[in-house]
Amino acid sequence: MTDWISNPQVCAAAQLLKQQAVIAYPTESVWGLGCDPGSLPAVEKLLQLKGRNVSKGLILIAANPEQFAPFLTGLEPAALQRFQTPQQKPTTWLVPNNGSAPGWISGGHDTLALRVTSHPLAAALCSLFGGPLVSTSANPQGQLAAISATQVQAYFGEAIDARTPGTVGEAAKPSEIRYLISGEIVREG
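Reminder that position 106 of the sequence shown reads as 105 in numbering that gives the first Met the number 0, one-by-one numbering, no gaps.
You can take every hint at face value.
Each computed PhoX-like pair below joins lysine-lysine, with the alpha-carbon atoms no more than 20 Å apart:
(1) K44 to K17
(2) K88 to K172
(3) K44 to K55
These are computed hints drawn from the structure, not numbers from a lab.
Construct the complete structure from the given sequences, taking the supplied hints into account.
Pasting the structure below:
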């Protein structure tokens, strides 16, 4: 297995993220576009590339639950335990919004979409960056999500700042989306 945390291209991409870049990288099932969630200029660039409205909100990924600590403050112990328990398939949890995330991430919703990624390269990016990243499928709104670096190139060309090496994971579908408190499934994974 590749040690992505010491891969020069992945390290360079993580440094670019700290400079308001938008990058493409593989996730569990599709290629993603990512940026620093705390950088409004980076998020605006990402939304413009996708043709996506800010009101939809954005998913954040992290290498481990601890990277999400500010967003988990105030959760009941049972909900926190559910969030921290590894799932059989990639799962994005809709967590009550405690006000820690900027509005351009939450889209003004009362929940935040958070996923601890199981993809080793995406996790390495989060670790090297030092926190969660925006993660949205690499495709213009209304197009199929890219499942290869070639598709990412065809969609975005030089408009993105970097593309990591690597391939998507083995998940057949994008992550399941589920409410943390009720367990209700919003999108099957």
